[in-house]
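Asker: Below, each chain spelled out in residue letters.
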Amino acid sequence: MRTRTVRTRPFGALALLAAGAVVLAGGGPVGAAPTTATTGTTATAGDAAQRAAQQETGAADTCDVTKSVPPSTEDGPAVKAIKAKRSLVIGVDQNSYRWGARNPNTGQIEGFDIDLARAIGAAVIGDPDKVVLKPVATADRIDAIKKGRVDLIVRTMTINCKRMEDVAFSKPYFNITQRVLVPKASPAKTIDEAVKGRTVCVADGSTAQTVVTGMKTAGQVVTVGNQLDCLVLLQLGKADAVMTDNGLAAGQAAQDQTVRIVDGEAQPEVIGVAMLKESPDLTARVNQVLADYYARGDWTRSYEHWLKPYMLNEADHYWPGTH
Amino acid sequence: MRPGGAPAPGPGGAPARRPGAVAATGVRARLAQATRTAPGRLRLAGVVLTVATVAFGALTAWQLETRAQAADRVVSYSQPLSRDAAEIHRNLADAATTAATGFLLAGAEPKAVRDRYEQDLATAAKLVAQAAARTTSTSPGQDSLARLNQQLPLYAGLVETARADNRQGIPLGGAYLRHASEQMQTVLLPAAAELAATENDELAKDYAEAKSVPWGAYGLAVITLAALGWVQLTLFRRTNRVFNIGLLGATAAVLAGALWLTVTGLTTSAALKRSDSEGASPLRALNYARVDVLTARLAENLHLVARGSTTKYADQWTKATEHLDGAAVKGDLLERRTGSLPEAVRLAPAAAEQDVRDAVRQFDDWHQKHDAARKLEVDNADYQGALDATVSAAADAPTADAAFNATDRALARAADIEQGRFEQSAEGTGGDLRTAAVAAALLGLVAAAAALRGLGRRLAEYR
Numbered sequence: 001m002r003t004r005t006v007r008t009r010p011f012g013a014l015a016l017l018a019a020g021a022v023v024l025a026g027g028g029p030v031g032a033a034p035t036t037a038t039t040g041t042t043a044t045a046g047d048a049a050q051r052a053a054q055q056e057t058g059a060a061d062t063c064d065v066t067k068s069v070p071p072s073t074e075d076g077p078a079v080k081a082i083k084a085k086r087s088l089v090i091g092v093d094q095n096s097y098r099w100g101a102r103n104p105n106t107g108q109i110e111g112f113d114i115d116l117a118r119a120i121g122a123a124v125i126g127d128p129d130k131v132v133l134k135p136v137a138t139a140d141r142i143d144a145i146k147k148g149r150v151d152l153i154v155r156t157m158t159i160n161c162k163r164m165e166d167v168a169f170s171k172p173y174f175n176i177t178q179r180v181l182v183p184k185a186s187p188a189k190t191i192d193e194a195v196k197g198r199t200v201c202v203a204d205g206s207t208a209q210t211v212v213t214g215m216k217t218a219g220q221v222v223t224v225g226n227q228l229d230c231l232v233l234l235q236l237g238k239a240d241a242v243m244t245d246n247g248l249a250a251g252q253a254a255q256d257q258t259v260r261i262v263d264g265e266a267q268p269e270v271i272g273v274a275m276l277k278e279s280p281d282l283t284a285r286v287n288q289v290l291a292d293y294y295a296r297g298d299w300t301r302s303y304e305h306w307l308k309p310y311m312l313n314e315a316d317h318y319w320p321g322t323h
Numbered sequence: 001m002r003p004g005g006a007p008a009p010g011p012g013g014a015p016a017r018r019p020g021a022v023a024a025t026g027v028r029a030r031l032a033q034a035t036r037t038a039p040g041r042l043r044l045a046g047v048v049l050t051v052a053t054v055a056f057g058a059l060t061a062w063q064l065e066t067r068a069q070a071a072d073r074v075v076s077y078s079q080p081l082s083r084d085a086a087e088i089h090r091n092l093a094d095a096a097t098t099a100a101t102g103f104l105l106a107g108a109e110p111k112a113v114r115d116r117y118e119q120d121l122a123t124a125a126k127l128v129a130q131a132a133a134r135t136t137s138t139s140p141g142q143d144s145l146a147r148l149n150q151q152l153p154l155y156a157g158l159v160e161t162a163r164a165d166n167r168q169g170i171p172l173g174g175a176y177l178r179h180a181s182e183q184m185q186t187v188l189l190p191a192a193a194e195l196a197a198t199e200n201d202e203l204a205k206d207y208a209e210a211k212s213v214p215w216g217a218y219g220l221a222v223i224t225l226a227a228l229g230w231v232q233l234t235l236f237r238r239t240n241r242v243f244n245i246g247l248l249g250a251t252a253a254v255l256a257g258a259l260w261l262t263v264t265g266l267t268t269s270a271a272l273k274r275s276d277s278e279g280a281s282p283l284r285a286l287n288y289a290r291v292d293v294l295t296a297r298l299a300e301n302l303h304l305v306a307r308g309s310t311t312k313y314a315d316q317w318t319k320a321t322e323h324l325d326g327a328a329v330k331g332d333l334l335e336r337r338t339g340s341l342p343e344a345v346r347l348a349p350a351a352a353e354q355d356v357r358d359a360v361r362q363f364d365d366w367h368q369k370h371d372a373a374r375k376l377e378v379d380n381a382d383y384q385g386a387l388d389a390t391v392s393a394a395a396d397a398p399t400a401d402a403a404f405n406a407t408d409r410a411l412a413r414a415a416d417i418e419q420g421r422f423e424q425s426a427e428g429t430g431g432d433l434r435t436a437a438v439a440a441a442l443l444g445l446v447a448a449a450a451a452l453r454g455l456g457r458r459l460a461e462y463r
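Chains as they are written, first to last, in my numbering: chain P, 1 to 323; chain V, 1 to 463.
Just chain P, with the same shape it has in the complex:
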C-alpha cells in the first residue's frame, strides 16, 4: 500500500527505499510507524489529519497526506498538453457558499476555491479566461479526474489515504476540522454539550457522519444528501445541531445570522487540489502556484474576503504550512 500511495516518478524510488527502511529498521507491523517516510513535516494538523485518515480507511493503510511532489515551473508532458489545447478544465463546486457558489443574480461562480482555481489557470495557461469551471458532484470527483472530464479538482476535497490511491494531490492548502453549528439560543458551550442527547444533522458519507456516529452520544443522527440541507432542518426545528467541516460551517453561518459555531473542533484534516496520478509535472506546477499564491499574499487576501467574517480565526490558523 505504501508504495502505491506516492506513485509520482521522482518520489517513487525514495518511497520504496523508505518503506524498505521501515521494514528493516523496525520489523514491526507496517502500520506502526507512519511518520518515518514524511519529509520534514512539523504541522500538528498534518499529523492529526493523518490519524484521521487512518481511522477512516483502516489502520493498515498508512500514508502521509501532506506529501506531494516538490514545486516546479518546468513544463512536463501534462502541462504541455494543457497549453496545447489552450484550456484548463477545473472541477469546482457551485453550492458551497463562500467557497464555490453560483451567484443566482450574476450567474457567476465565486468563492475562495474559485479564486485559487483561477490563479492556477492564470499561471498554467497564462489567461484566467481560458479556465473552464466545471461543476462536479461530490460523489463524482474521483471519477471525473480518472475519466479525464476535468484536469483538476479544486473543491474542498479532503486528502486521505484512500483517495491518494486513486488520484494525486497537491500540497494541502487549508486546514479543515469538524465544527458544530447550533441556534444562537442554544446554551451548548462545547461540541459534547451540543451533541449529547440531541438530534444532530450530518451529510451522508461525510467525515462528520463518522465523527458523530463514533461519539455515540447523539440522541438521533439525521443524514441528508447535502450539508446545506442540514441548515434547512435546523431552521425548521427538525435538527438541534449540525456537524460539518469548518469551511462549510462558515458558509452556513454566513447564510443565517441566528446560528453560531460552537467552540471546539474535532477530526483535523487537510484539503488539496486533486489531479491525475499520471501527470506529476502538473502536480509539481500546481504546488509551485500554491507556494507563489501564498507568498504573494493572495491566499490571505482571498481568505479575508470570503471566509474571515465567519471563520473565527486569523488566516494563519488555516494555512497548513507544509510548503
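It should be emphasised that the hints constitute simulated quantities derived from the structure, not laboratory data.
Note that the coordinates shown come from a computational prediction; the quantities given were computed from them, not determined experimentally.
Don't be surprised by glycine CBs; every beta carbon is placed ideally from N, CA and C.
Among the hints, a few may not be true.
[Unchecked claim] Pairs of lysine-lysine, DSS-like flavour, derived with a Cα cap of 30 Å:
1) P:Lys147 with V:Lys111
2) P:Lys147 with V:Lys369
3) V:Lys369 with P:Lys130
4) V:Lys375 with P:Lys277
5) P:Lys238 with P:Lys196
6) P:Lys130 with P:Lys80
7) V:Lys111 with V:Lys369
8) P:Lys147 with V:Lys319
9) P:Lys162 with V:Lys312
10) V:Lys375 with P:Lys85
11) P:Lys238 with V:Lys312
12) P:Lys277 with V:Lys312
13) P:Lys184 with P:Lys216
[To be verified] Just a few of them, taken from the derived set where beta-carbon distance is under 8 Å, the chain V residues facing chain P:
14) Ala106
15) Gly107
16) Asn166
17) Gly169
18) Pro171
19) Gly174
20) Gly308
21) Ser309
22) Ala381
23) Tyr383
Chain P is already provided as a structure; the job is to place chain V on it using the hints.
Answerer: Here is chain V on its own, set in the frame of chain P:
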C-alpha cells in the same frame, strides 16, 4: 308421546296435536278445499297472478332504481370526484414544477410563471375543500384529504422561504426548494395519488353497479309470463274460449314491461360502457401521462437547481421519461411502445387521438431539447447555457420549458375532449333507467288489475 310414562292424555287416547300443526293443516286443508272446486281454483289463480305481476313491477322498479342511482352517482358524484382527485394531483405536480421554474429564473421570473404557481395552489386548495365537503368522515378518501389539507400550507411556506433566500443570492434557497420538492414528492403527491386511486375505485364500483344486469327482474318476468300463459291455457281447455281480454291485457302489460326493461337495460349499459371506454378510462390514462410529464419536468428543473451537486435528479428524469414513453427507440412505432403516453394514445377515442399524438410529438421535441441542454452542461461545463436552453423569461424562446408547455397543452385539449365524451354518453342514463322503473311499476299494477278483471269475469259465471 310424552316421556316419563305420564298418564294417557285424553279419553279418546288420540295423541295431542300441537296448535301450530292444527293451523298448518287447517290452511292446507282449506287450500285443498278451495282447489277442489272450479271457482276456488280461479280465485287461487287470481291471487297468484296478482302477486306475480305486482312483484314483477316492484322488483323491476327497484332494480332499475338502484341502477339509476348508481348511474347518477357515476355522472354527478364519483366521476367528478375522480376527475377532481386527478386534478388535485396534476395541480400539485404543476405547482412544484412551476415553483422550480420560477426559482431558476430568480429575479427575472415573469408574472405569468408566478401567476401559474398561485393558480395551481388555489385550484388544488379549492378542489381539496370541495372533495372534503362531498365526503363523510368514514369515506376512504378522508385520510388523504386531511393530509393534503395539512401539508399544502407547509409546502407553500417552504417555497416562499426558498424564493426569499434565492433573491438574496444565498444557496440556502436552493436547499429549501429541494426540501419543498421532496415534501411534495414524498408526502403531498402520494396523498393525492392515493385519493385519486380511492376515487377511481369508487367510480369503478358505481360503474359496475349501474351496468349490472337486473337478472331478478328478467327472471320474474319469465315466471309471470309463464304463469299467465298457463292460466290462459287451462281456461282455454276448460271453457273453450280462446281469448280472455283481461288476461291478455295483463300479458301484454308484463311483456311491455319486460321489453322496456330489456331495451333500457341494453341501451343504458351500452351508453355507460361508451362513457367509460371513450371518457373515464382514457381520461384516467391521460391523467397518468400528464402527471408523468410534470414529474419529468420537475426533475429537469431540480437538476438545475441542484447545480450539479448530485446525479439524483438526472436519474429521476430518466425514470420519469421511461415511465412516460418506455425505452423509446427512435422510429419505433408508437403502438409498440410501452409507457403512459403510448397507453393514452391507444385508449384515446378517435376525436381526441390527434391531440394525444400531437403531445407525443411535442414530447419528443422536448426530449431532444433536454438532451441538448444536458450536453451543454456536461460536455461544455456551460451551466448558464444549459439553464438558458431549459427556461427563459421570454415566452417565445424555443426552450425545453416551451416544448413541455406545448406537450401539456396538447394533453389538456385531449382531456377536455374525453371529459366531453364522458358527459355526452353518461348523461341521461340515470333518467332513462328511472323512467323505465316507473313504467315497470305502473305496468305491473296494470297487469295485476287486468288479470283480476279477466278472472273476475270467469268467476262471475259461477254465481
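Asker: For every hint, state whether the structure bears it out.
Answerer: Hint-by-hint comparison with the structure:
With a C-alpha separation of about 43 Å, the suggested pair lysine 147 of chain P and lysine 111 of chain V falls outside the 30 Å cut-off, and the hint is violated. Among the hinted pairs, lysine 147 of chain P with lysine 369 of chain V is consistent with the structure: their alpha-carbon atoms are about 26 Å apart, no more than 30 Å. This hinted pair checks out: lysine 369 of chain V and lysine 130 of chain P have alpha carbons roughly 27 Å apart, not beyond 30 Å. Straight-line distance between C-alpha atoms of lysine 375 of chain V and lysine 277 of chain P comes to about 28 Å, which keeps the hinted pair within the 30 Å bound.
Annotation: proposed proximity of lysine 238 of chain P to lysine 196 of chain P holds, straight-line Cα distance about 16 Å (limit 30 Å). For a cut-off of 30 Å, the pair hint linking lysine 130 of chain P to lysine 80 of chain P stands: about 15 Å separates their Cα positions. For the suggested pair lysine 111 of chain V and lysine 369 of chain V, the alpha carbons sit about 24 Å apart, so the restraint of at most 30 Å is met. Between lysine 147 of chain P and lysine 319 of chain V the CA atoms are separated by roughly 25 Å; this keeps the pair inside 30 Å, and the hint holds.
Between lysine 162 of chain P and lysine 312 of chain V the alpha-carbon distance is near 25 Å, which keeps this suggested pair within the 30 Å criterion. Taking the CA atoms of lysine 375 of chain V and lysine 85 of chain P, the gap is near 20 Å; set against the 30 Å cutoff, the hint holds. At most 30 Å may separate the alpha-carbon atoms for a hinted pair to count; lysine 238 of chain P and lysine 312 of chain V meet this at roughly 23 Å. At most 30 Å may separate the alpha-carbon atoms for a hinted pair to count; lysine 277 of chain P and lysine 312 of chain V meet this at roughly 29 Å.
Using a Cα cut-off of 30 Å, the hinted pair lysine 184 of chain P and lysine 216 of chain P holds, with the two alpha carbons roughly 24 Å apart. Checking alanine 106 of chain V against chain P by beta carbon gives a least distance of about 5 Å; that is within 8 Å, so the hint holds. The closest approach between the C-beta of glycine 107 of chain V and any C-beta of chain P is roughly 6 Å, which is under the 8 Å cut-off, so the hint is satisfied. A hinted interface residue such as asparagine 166 of chain V counts as satisfied when its beta carbon comes closer than 8 Å to some beta carbon of chain P; here the least separation is about 6 Å, so the hint holds.
The closest approach between the C-beta of glycine 169 of chain V and any C-beta of chain P is roughly 5 Å, which is under the 8 Å cut-off, so the hint is satisfied. Checking proline 171 of chain V against chain P by beta carbon gives a least distance of about 5 Å; that is within 8 Å, so the hint holds. With 8 Å as the threshold, the beta carbon of glycine 174 of chain V comes within range of chain P, its nearest partner Cβ sitting at about 7 Å, so the hint holds. With a least beta-carbon distance of about 3 Å to chain P, the hint placing glycine 308 of chain V at the interface is held under the 8 Å criterion.
Checking serine 309 of chain V against chain P: minimum C-beta separation of about 5 Å stays under 8 Å; hint holds. Look at alanine 381 of chain V: its Cβ gets to within about 3 Å of chain P, closer than 8 Å, so that hint holds up. Restraint check, tyrosine 383 of chain V versus chain P: the minimum CB separation of about 6 Å is within 8 Å; hint holds.
Checked against the numbered hints given earlier, this structure breaks only hint 1.
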